[in-house]
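A.B. asks: Below are the chains, spelled out letter by letter.
6 protein chains.
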Amino acid sequence: MILRYDRLGLEIPSGDPDPAGAMAVQELMGGRFGEMSTLMNYTFQSFSFRGRRELRPFYDLIANIAAEEYGHIEAVGATITTMLTGADAREIVTNGNPAHALKAGKGVLPVDSGGAPWTGDYVFSSGDLVENLTHNYFLETGARNGKLKVYETVDHPAARALTGYLIVRGGVHQVAYARALELLTGADLTKAFPMPRIPTEKIPECRPHLERGSHLTLYRFTPDDYQEVVAVFKGTHPETGEDLRVEHPAPEGFPWPEAPAEQDVFAPDYALHEIAEIAQTLRRQAGFAGDAARHAA
Amino acid sequence: MILRYDRLGLEIPSGDPDPAGAMAVQELMGGRFGEMSTLMNYTFQSFSFRGRRELRPFYDLIANIAAEEYGHIEAVGATITTMLTGADAREIVTNGNPAHALKAGKGVLPVDSGGAPWTGDYVFSSGDLVENLTHNYFLETGARNGKLKVYETVDHPAARALTGYLIVRGGVHQVAYARALELLTGADLTKAFPMPRIPTEKIPECRPHLERGSHLTLYRFTPDDYQEVVAVFKGTHPETGEDLRVEHPAPEGFPWPEAPAEQDVFAPDYALHEIAEIAQTLRRQAGFAGDAARHAA
Amino acid sequence: MILRYDRLGLEIPSGDPDPAGAMAVQELMGGRFGEMSTLMNYTFQSFSFRGRRELRPFYDLIANIAAEEYGHIEAVGATITTMLTGADAREIVTNGNPAHALKAGKGVLPVDSGGAPWTGDYVFSSGDLVENLTHNYFLETGARNGKLKVYETVDHPAARALTGYLIVRGGVHQVAYARALELLTGADLTKAFPMPRIPTEKIPECRPHLERGSHLTLYRFTPDDYQEVVAVFKGTHPETGEDLRVEHPAPEGFPWPEAPAEQDVFAPDYALHEIAEIAQTLRRQAGFAGDAARHAA
Amino acid sequence: MILRYDRLGLEIPSGDPDPAGAMAVQELMGGRFGEMSTLMNYTFQSFSFRGRRELRPFYDLIANIAAEEYGHIEAVGATITTMLTGADAREIVTNGNPAHALKAGKGVLPVDSGGAPWTGDYVFSSGDLVENLTHNYFLETGARNGKLKVYETVDHPAARALTGYLIVRGGVHQVAYARALELLTGADLTKAFPMPRIPTEKIPECRPHLERGSHLTLYRFTPDDYQEVVAVFKGTHPETGEDLRVEHPAPEGFPWPEAPAEQDVFAPDYALHEIAEIAQTLRRQAGFAGDAARHAA
Amino acid sequence: MILRYDRLGLEIPSGDPDPAGAMAVQELMGGRFGEMSTLMNYTFQSFSFRGRRELRPFYDLIANIAAEEYGHIEAVGATITTMLTGADAREIVTNGNPAHALKAGKGVLPVDSGGAPWTGDYVFSSGDLVENLTHNYFLETGARNGKLKVYETVDHPAARALTGYLIVRGGVHQVAYARALELLTGADLTKAFPMPRIPTEKIPECRPHLERGSHLTLYRFTPDDYQEVVAVFKGTHPETGEDLRVEHPAPEGFPWPEAPAEQDVFAPDYALHEIAEIAQTLRRQAGFAGDAARHAA
Amino acid sequence: MILRYDRLGLEIPSGDPDPAGAMAVQELMGGRFGEMSTLMNYTFQSFSFRGRRELRPFYDLIANIAAEEYGHIEAVGATITTMLTGADAREIVTNGNPAHALKAGKGVLPVDSGGAPWTGDYVFSSGDLVENLTHNYFLETGARNGKLKVYETVDHPAARALTGYLIVRGGVHQVAYARALELLTGADLTKAFPMPRIPTEKIPECRPHLERGSHLTLYRFTPDDYQEVVAVFKGTHPETGEDLRVEHPAPEGFPWPEAPAEQDVFAPDYALHEIAEIAQTLRRQAGFAGDAARHAA
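If you read the sequences in order, they're chains A, B, C, D, E and F. Using numbering that gives the first Met the number 0, the first residue of the first sequence is number 0, and each one after it goes up by one. Using numbering that gives the first Met the number 0, the first residue of the second sequence is number 0, and each one after it goes up by one. Using numbering that gives the first Met the number 0, the first residue of the third sequence is number 0, and each one after it goes up by one. Using numbering that gives the first Met the number 0, the first residue of the fourth sequence is number 0, and each one after it goes up by one. Using numbering that gives the first Met the number 0, the first residue of the fifth sequence is number 0, and each one after it goes up by one. Using numbering that gives the first Met the number 0, the first residue of the sixth sequence is number 0, and each one after it goes up by one.
Honestly, the hints are just simulated from the structure, not real lab data. Watch out, some of these pointers could steer you wrong.
[Unchecked claim] Derived Cβ-Cβ restraints for the label pairs, each shown as a range:
1) C:Asp223 <-> E:Asp154: 57 to 67 Å
2) B:His247 <-> D:Gly289: 52 to 62 Å
3) B:Arg283 <-> F:Arg206: 34 to 44 Å
4) B:Pro259 <-> F:Arg206: 26 to 36 Å
The beta-carbon is built from N, C-alpha and C at its ideal position, and this holds for glycine as well.
Could you put the whole structure together from the sequences, leaning on the hints where they help?
C.D. replies: Below, the structure is given as structure tokens:
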């Protein structure tokens, strides 16, 4: 079970509408190496984990990284929705993914950059722990490749902030799976870092995260479980030689960006004010004061 | 972002291996109306929600139910893995889903009862709030239908416990979306309850949940967000007339069932003891005492 | 069984070639909420209808609406083919759906706006009548949403005439399923009309149909069957308060628009005149005089 | 547009429940060479037909055969639903297509014998008339192959009656497309008949149709259009040497078989009598006397 | 088993980068009628061929043509990679197939012009020889249609050279299957040539191949097997009346075009020189002198 | 281009018909980790290889292994066709893959064990050499897992012989890609061998191949290209410490097993003798003596 909180792992900057860019960023959501894939691979591996009792540190590692990945699909989702705010529906049809206008109310969908839906076929969960870890390492490597390519082809500040963030966090997971594999078999995949061979520090949008040590840190995204990750996530970082560390709780995060109404696609309604009025009445009846902004803000 | 905790919403009883039943229960995981669909529909609707500020109670409702659904894919996952424990690989091939033996290490996969993978095409997220709520009501209705049909065709105690649990919890979501729609438009779908027209209380495995009032209760699966759900989830239950209520925190849950090694599918290894020994060493190095069972247990 | 007649439900105006628009209108053909879906959902529900004897009015309603939907795929098909007449093949590749040039001879295909083929997976036919009606209501609602979005993004007069027509006729089906559901359960979904909340009368291309009362009328598309639809399709229209009515026979319709040859895609041939000459000879041999235009015209 | 009438092209005999057979017969519905494919190929070719004015006899041929194919999906649909009547839901899961129990209320679905949904990708509509006719000949040939294989593997009397009927009617379409191709190009494909090389008259269930000359006759399924088919469908039958002929109107057909309620899958309801009572009341209010059987019967 | 040699069937000219053209040419790789389909249809038919001993000439024909088709996917692959050399990644996203930039390192993928992956569903292998030959004739006909349409819509010299080559070679296969069918059944499909009705000699890029008689020649792509193809591939060419012939060995071919590094997509690396240096060292250690160009050149 | 020869890499023993086993072995053909995937991944990577001149040893390695994989799809194909010989069509429908009877004439199809077609989506070709090699190592690892699981669940002697052969040959490719990666990056994946952790020598059907040193040998499947593989495939075998070696030419192989006619699925015809007689006449006309068995035998 999970507890969800209404925060994102990074701040999403606004920018000009960018339908083509939004189409490209979808690769990081619904592509074979997108965040839906990392989320669901680790999630299903945790469901099918056999020998949990005997192999607890490895179970904890996979289950905990799965938890972080949910935050990553949120981050990609918020980015794409932001990039579509204010976009012209006709331009979305000709230069972007038509579904963003015709189906999704200028919002994100679980599809890739070509519009193909994410599929459960992308989940690898063989039951064999060493095999799964090898897969996970490869998956994170392919994911890093995808993020770097999106970084190269999309200029929108939200996309850049997103990829900077994901490259650093994905790098931590790449290290985690390589280390787990090394501890079980002796094969040291960290020697192949960085893969692709672009040093993370060359990317300006990665630097704030590097400065706060995010590249060294596995956060436990849990009230108080998955404590045994420390038995695996340890040693030094393959690129910097700094010590790896596990932190709890995870950073607090940032509020979701505003996503204003887009009347030409009836989102959230052809006439927002009518249903907003109902919402205000319901809020008052329930004892909430002020406007309907985030309660705890 | 989420915090995941290592507990399930229900206790999963063990039973005899049941490959055909496990194949059928997959419908509740990866089918069009399975838990992957409820999870991802509400999740993506929360990513694309426009007018969050003005319509906070509805956003909170959808985002919070999304959080509960993650627990439901866990529950289905644990059930299927349990039903496959001890199953003969040959029997899985002839009477069940061959992938359970040949790909998944006798574990769950994100596929339906016919083996077709779940697809992002199952996500409806139009941006139009009233439309989305109508969809969600219909989705929960189709999900209830699916659960009841699985209940009728599978005898394994884990499947029965699972469907009993999910029918009650899904019923709460059905009420929630019907009520939201009613408050926005005046259309009262609760008059069609129960749909399918089988009273929940006739199902023995539902009764324990009814007795503790689970059918009346929306839990907030969050450290402290989504407080405005109370503005929508209110009034009386359409079948019993009892008052609906919102509770926080959600119930603590139950530990995951054991999933022992299955050597003939190399899960978690051809020789568990070899990697288990490595795991024990790592645990000791990290300061964990005793066997590698759940730390907090 | 059916009798097909060589007429369309509306007159399709010509206009400038519009490859991007044609790509968008495909959503109304092969999308999850397109006319292939309405046609095939009701068609298959009629094939699997259990209790036909006892529930004849509901069977008649579903089977008869299925019949009208065949005319709708014709209308969408004629529109798209018209929009592609005269289009430059290179422009189709860069701005539209490449398949319109490379596969389809500048004609319609059973795909959506992203080029994904319609799939039988879009058919919902649970066997449960109340469930199916709920689905059908939701399907018509999603279809109305899709038509309105295409209306907003495509200017071609054929697309505008088409959506004006389909919005009105789909609205009748939306009312029909809502009323059927109301009569069986008491839940009154018509209170949510219009959904999306754009009054039909605001759309200029809808007005001619409204003026002749098409929005109030269920036509029986049958030589003389499905008479019991009157037992369900009755009462008043939720938006206008006018009386609903059933008419037989359906209006006569309009001839198909011309679709001239497009030599660069070899449709109907690289050299039309050669095969046209053969056709003329065959016609004369069979006793048909004049040119090969529609016989009964 | 079409007029649908509530009759089938053949009488569907009842028999013992046969889940495995029903699964196999689905190939004739949703397989690449099933009736959905013949229906939709000719339907879409008629939508995209360029040069209709100059090539009327060929347009009429394709459009008219499309009309008959709708009757064929009805026939397959009624057969499969009949074969599932009385089937045990558990047996459907283990020996048949689980979706028949878990999704379809023991009714037909638009899928093939492996459960894969029919897809618009099966439609070939190139715009090139000679090419389309070549395809259509090949499609009918593949369809005949499929029908014969189902005949060989399924014993249920409904399946046998169905395949006997479809083999004869499909044979007429095979002749029609071969003749059209011969008239346009001189290539005489009828020399390859029968393909597969099993004489139709060897199949007992084909004989009643042969005796009434159905194998020689193209029916015009239209109130009064498609008159120019006679310019193409002419000459002698390649196997018997008898004269081909066009008839209008088509034979009257047979009533649909009963499809009684199946309570364990809630079709049409968990408790039929409750909704049947509502239906009776509605019928009486609308002036229909007697039970809710077919009005015109 | 095969022996592969590092040569192509034609010389691939270079040209300006053409992302939209490369997207279109993908239809000839991964489309239903692309070279993946011809390769895999004949390959699988050879695997499932029953009665090989009795029907050797037909087996040899199919197995040998399969061998040539592998060379055709190479030719399409080299063409697309060439067309993408030097293309701007952003332009690929907006005007071409985004996957060429985001996934494929500016290289070819097994997808069609809409980005949909080639699927095994395109393979027809019924076991019935006459049926398979009919299919193969139709497949080659559809393939010729596709090549001609790509020829019409893409100007890049590599695409023109490719289609000129494939139209001639595919024409030979069209003749081969028509002749095989004629010999088995008497049906003479060559009367329908050319299909589409564009004479091959009108296409400038076909002429060099016609001049060397490639349109008359079936090459045996084998060290010394498939000798009995001569029993079927014989007689005269339907368009020119010249004698058909079988040749062995096949022409020597041409070297692959250069495919220089594309740093912005990390192909073959972010910094080519680093891994190139390793490669040189390895070559020297293995005794290879000079630069790492083709050894036997 | 390739030269194909009519031989298999192993001798396929006959056995009792085994429809369920044949269904399972399809995983090795059309599954994500089947031989279609290994073949097409390496094939497409060779098409898109950038920097071929500078990185020749790595290009040669990938292109040459691609060549061997074609022989592996042949081997799987021959095995499945053999396992279906003599199978009862009804039993295929209930216990196996219905398509084997209804579509494929008791022959192999490009599908997996669940009947899902192989898809181009399984091809990974990023353009980044280190990335591709990482993928290829992982792919071979997953393939080994799949082969071992099929070995465990299928008893048919053809399936056992096949998996014994493929495990050894796939192991060579696993070593080859690990070594290539090690030479480029220093990361030594061979330390993880064997993966899954079942020593190859424990499998009786592997032993004959081990005895002749097949596990140490990369064959060059080419007339005389790909010579630079020796620069990469070198050093010692990670499990045995023996020296790796490259051999040319590859072993001669074995004849294809007989695949007799199966009349109930019309393969190769309803009446073999009729078309066999035509084939004999054609052979005699072409100067071939004796029966139509393999010429060179």
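A.B. asks: Quick check: which numbered hints come out false for this structure?
C.D. replies: Those not satisfied: there are none.
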